[in-house]
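Number of protein chains: 2
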Amino acid sequence: MPIVRTSGRLPDGRAIHFYDADPASPRRELAPPGPATTPPASQLRWDAWLDEWVVVATHRQRRTARSDVCPLCPSLGEIPGASYEVVVFDNRYPALPAVTGDPGPAGGHCEVVSYTDDHEVALSGLPLSRVETVVTAWADRTAALNERPDVAQVFCFENRGAVVGATLAHPHGQIYAYPFVPARLRRLAEVADTRWDAHRECVACVTVGREHEDPSRVVVTGEAWTAFVPYAAHWPYEVRVVPHRHVPDLAAVDPWERADLAHVLRRVLGQFDGLFQRPAAYVLSWIQAAARPARPAAHVYAEIVSPMRSPADRKHPAAGELGAGMYVNEMSPERAAAALRGEGR
Amino acid sequence: MPIVRTSGRLPDGRAIHFYDADPASPRRELAPPGPATTPPASQLRWDAWLDEWVVVATHRQRRTARSDVCPLCPSLGEIPGASYEVVVFDNRYPALPAVTGDPGPAGGHCEVVSYTDDHEVALSGLPLSRVETVVTAWADRTAALNERPDVAQVFCFENRGAVVGATLAHPHGQIYAYPFVPARLRRLAEVADTRWDAHRECVACVTVGREHEDPSRVVVTGEAWTAFVPYAAHWPYEVRVVPHRHVPDLAAVDPWERADLAHVLRRVLGQFDGLFQRPAAYVLSWIQAAARPARPAAHVYAEIVSPMRSPADRKHPAAGELGAGMYVNEMSPERAAAALRGEGR
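These protein sequence lines map, in sequence, to chains A and B. Just so you know, we're using our numbering here: the first sequence kicks off at 1 and counts up by one. Just so you know, we're using our numbering here: the second sequence kicks off at 346 and counts up by one.
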């Protein structure tokens, strides 16, 4: 499916990229940009107790004072034109770029990914071809951002629902391009590298093989991707979506694998919505290789987690999780997989 | 202040410990225990992607179906007697002990710490002597649990408020004694050890010295403890309470230091309640040395974090924090410290 990207700038100087699959889509005409604005300053601070960076972004408090107008709806908000398919643009209230308060990195980049111009539809409710366009936009932005000298790690994600802090109802995700590798992604890479160095073994490849042998935790099997509840799931409902081929990031995924991913991802997200017969609150995170150096152990995958145990009961990470770092999961991963598959509904 | 401990068992076999400071307190008469019950089984599962343990504790879903009777109020719930000062007893719905699904540790222990028999008062609202009794109970249980062969790490904590998942309103905390060192505590120890090995420097000692030099982030200074907002705070309101002396855990804190801790802690918790002129939701975590081996770098401290930015606005950790591992803090740590000190109120 050929997808056309049209890049330009918004009147205030922010970058915008349209991704269009429909040949009938209008040719995007972008007005010449106004004077480029400097994003508000955030500050990177080094936590010497945990060896990790924290961003202090006081300007983001302003985003809580929102207007009633959805900024992602066409003709209303920030996006020019009467309609669009998928659009990616610089976040107006970015946590990054950040200047640094300590010797270390600076820079970075935050983007918004709007999946559709329809305010009312979910990613799981879009046509398959549109989900494929979203996957293509993630892959394209990952490749482009990885080229930037101030980017060390690209992170595509979606926070859906007010209970996970989403401030806009319009179906959308975000991309953070960090000037360093954040702590959890660094940890995942270190664990994968240690196993690779010791046994020439990829934890993702080994796990996918095992889940196929015993499918009790599998929720969707595609041609190129498998979705399963992890054996040691941290959250009541948690799914990993993993490619069968050992590829480091979305940019390295082949077109036919992207089409299969669109199919698997759409089904999994539909299963989340089916759980409680309502739109599910979830956090979708793409775990990808860092921009550099190339790591032979790197294997891309998505994590989708929901904090909800039932429509009215959510897991709150508290002292055990946030202070000590041990998760208690009150849901059996095998039962969660069965529930996601729709058994017993 | 001499504090008397009386230990025994509840009729169902669970252990209970009364801590009494008042000489007029009744001598605790505990009925002979009934047959010991086996706690419900949890399962430890190894997450090979993150190198950490997760507990799957399906039986804990039952605790959501609670009666209207507070189990911590005297004469009503689980605690025998018409009144008490501080009481510690085995949790009825423990996440631990756990059997293991993988080669590795098993066991562990979960306790409840009730601060008072008064349902309506907060830890910050108790008399100073009572807070000292709570501190003594933490220290005593830390020493006792560290002796157990199935305990690797003792973790004293409090989750206060429904927004951090507290299921009981009665003022209380908990103690988890893990059969391994949980991931975040292990990480904190590794970072401290690395610095100690390289520079013979304790990150807590160095930080306390710097906060005293520039008190812009200090919220309470005691004789033996200082409370400050961390330079790289992860949460809108976050305070570390750190002893000036390099001691590994609460059991090693001297009696006069415990009295000072009671004073500093009570003031800090009062500052949290003063922020929004209402009982604050917070997570209080005690970072202590593991049971063994002794580590020269170990320095005990408490972390108190609140996810609330304002009475109606909370920070939700989502993909950036939970998936990537980078926290974005929208509150300046220096402004948070000033607000906790009551400036501008």
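The hints are simulated quantities; they were obtained by calculation from the structure and are not laboratory data. Yeah, the Cβ is synthetic: ideal placement off N, Cα and C, and Gly gets one too. Some hints here could point you the wrong way.
Claimed, not checked - Covered stretches of chain A (in silico footprint by chain B; criterion: 3 or more residues with CB under 8 Å from a CB of chain B, positions within the stretch not fixed):
id	segment
1	139-150
2	160-168
Claimed, not checked - Which residues of chain A face chain B? A partial, calculated answer using Cβ under 10 Å:
id	residue
3	6
4	74
5	75
6	76
7	80
8	186
9	194
10	197
11	235
12	246
13	305
14	314
Tested hints:
no., hint, result
1, 139-150, "violated (count 0)"
2, 160-168, "holds (count 4)"
3, 6, "27 Å, violated"
4, 74, "26 Å, violated"
5, 75, "29 Å, violated"
6, 76, "25 Å, violated"
7, 80, "28 Å, violated"
8, 186, "7 Å, holds"
9, 194, "8 Å, holds"
10, 197, "14 Å, violated"
11, 235, "9 Å, holds"
12, 246, "15 Å, violated"
13, 305, "7 Å, holds"
14, 314, "8 Å, holds"
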